[in-house]
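K.L.:
With these hints in hand, go ahead and build the complete structure from the sequences.
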Amino acid sequence: GFMYSQGKGVPQDDVQAVSWYRKAAEQGEPNAQSNLGFMYSQGKGVPQDDVQAVSWYRKAAEQGEPNAQSNLGFMYSQGKGVPQDDVQAVAWFRKAAEQGEPNAQKNLGITYEQGRGQQKNLREAYRWFYIAHSNGKSEAMEMLKELTTKGWVSDAPVSAEDAEKIRREADDWMRQKGWK
22 GFMYSQGKGV
32 PQDDVQAVSW
42 YRKAAEQGEP
52 NAQSNLGFMY
62 SQGKGVPQDD
72 VQAVSWYRKA
82 AEQGEPNAQS
92 NLGFMYSQGK
102 GVPQDDVQAV
112 AWFRKAAEQG
122 EPNAQKNLGI
132 TYEQGRGQQK
142 NLREAYRWFY
152 IAHSNGKSEA
162 MEMLKELTTK
172 GWVSDAPVSA
182 EDAEKIRREA
192 DDWMRQKGWK
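Going by the numbering used here, the letters in the sequence shown line up with residues 22 to 201, in that order.
Watch out, some of these pointers could steer you wrong.
[Said to hold, decoys possible] Restricting the straight-line Cα-Cα distance to at most 30 Å, the calculated cross-link-like pairs of lysine-lysine (DSS-like) are: (1) Lys166 <-> Lys201; (2) Lys186 <-> Lys166; (3) Lys158 <-> Lys141; (4) Lys198 <-> Lys158.
[To be verified] Have a look at the derived ranges for each label pair, beta carbon to beta carbon: (5) Lys65 <-> Ser180: 44 to 54 Å; (6) Gly121 <-> Ser76: 20 to 30 Å; (7) Pro104 <-> Lys201: 33 to 43 Å; (8) Gln37 <-> Gln135: 22 to 32 Å; (9) Gln120 <-> Met162: 17 to 27 Å; (10) Gln105 <-> Val31: 20 to 30 Å; (11) Asn142 <-> Gly28: 26 to 36 Å; (12) Ser76 <-> Asp192: 30 to 40 Å; (13) Ala181 <-> Val72: 39 to 49 Å; (14) Arg144 <-> Gln33: 41 to 51 Å; (15) Gly28 <-> Lys141: 36 to 46 Å.
If you're looking for bench data, these hints aren't it; they were derived computationally from the structure. On a predicted model such as this, the values are computed, not experimentally measured, just so you know. Beta carbons: idealized from backbone N, C-alpha and C, even for Gly.
P.N.:
Quick look at the structure:
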């Protein structure tokens with residue numbers, strides 16, 4: 022499926038990609054389930070269908086596939102294919118973030134920053150934006166800068182001393198995970 026999706030060694034063909042993803046997904050393969058969910062969410066090779074996307078993401082997410090967990094969190098955060106539920110979004114973002122998925126790390130930071138699905142906590146927001154940036158999510162740098170200069174709405178910004186302490190703690194945590 023991936024080869025057809027990307028046009029690697031074969032002509033790019035989303036319909037063929039879906040066909041191959043489905044064969045593997047129906048046999049319980051989590052990466053194929055996640056990829057099939059993505060195809061449904063984007064309407065690539067199949068009619069766009071958020072309910073089907075959520076169904077396939079959930080199958081993969083429940084097997085621990087981090088991209089599916091992140092995407093399922095996003096679907097809950099936006100109310101796409103499921104009722105909007107920030108608590109569920111946070112739960113799925115956290116599962117993926119703790120496995121190193123940078124989109125989930127950034128999105129978990131946003132939930133802390135905005136107090137969506139959990140109590141607002143700018144230090145935790147900074148921590149997750151820093152981890153996301155360290156894992157290659159470049160747009161998280163702007164979020165870090167915003168937290169250290171403006172804070173969020175009426176909150177005081179994260180101080181330079183706090184930011185340094187958070188970065189050290191996050192670096193230690195990432196080393197324990199084997200990411201640094």
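K.L.:
The structure should be examined with respect to each hint, and the outcome stated for every one.
P.N.:
Against the structure, the hints come out as follows:
| no. | hint | result |
| --- | --- | --- |
| 1 | Lys166 <-> Lys201 | 22 Å, holds |
| 2 | Lys186 <-> Lys166 | 16 Å, holds |
| 3 | Lys158 <-> Lys141 | 22 Å, holds |
| 4 | Lys198 <-> Lys158 | 18 Å, holds |
| 5 | Lys65 <-> Ser180: 44 to 54 Å | 45 Å, holds |
| 6 | Gly121 <-> Ser76: 20 to 30 Å | 25 Å, holds |
| 7 | Pro104 <-> Lys201: 33 to 43 Å | 38 Å, holds |
| 8 | Gln37 <-> Gln135: 22 to 32 Å | 41 Å, violated |
| 9 | Gln120 <-> Met162: 17 to 27 Å | 22 Å, holds |
| 10 | Gln105 <-> Val31: 20 to 30 Å | 39 Å, violated |
| 11 | Asn142 <-> Gly28: 26 to 36 Å | 44 Å, violated |
| 12 | Ser76 <-> Asp192: 30 to 40 Å | 38 Å, holds |
| 13 | Ala181 <-> Val72: 39 to 49 Å | 47 Å, holds |
| 14 | Arg144 <-> Gln33: 41 to 51 Å | 45 Å, holds |
| 15 | Gly28 <-> Lys141: 36 to 46 Å | 44 Å, holds |
Hints 8, 10, 11, counting from the list given before, are not met by this structure.
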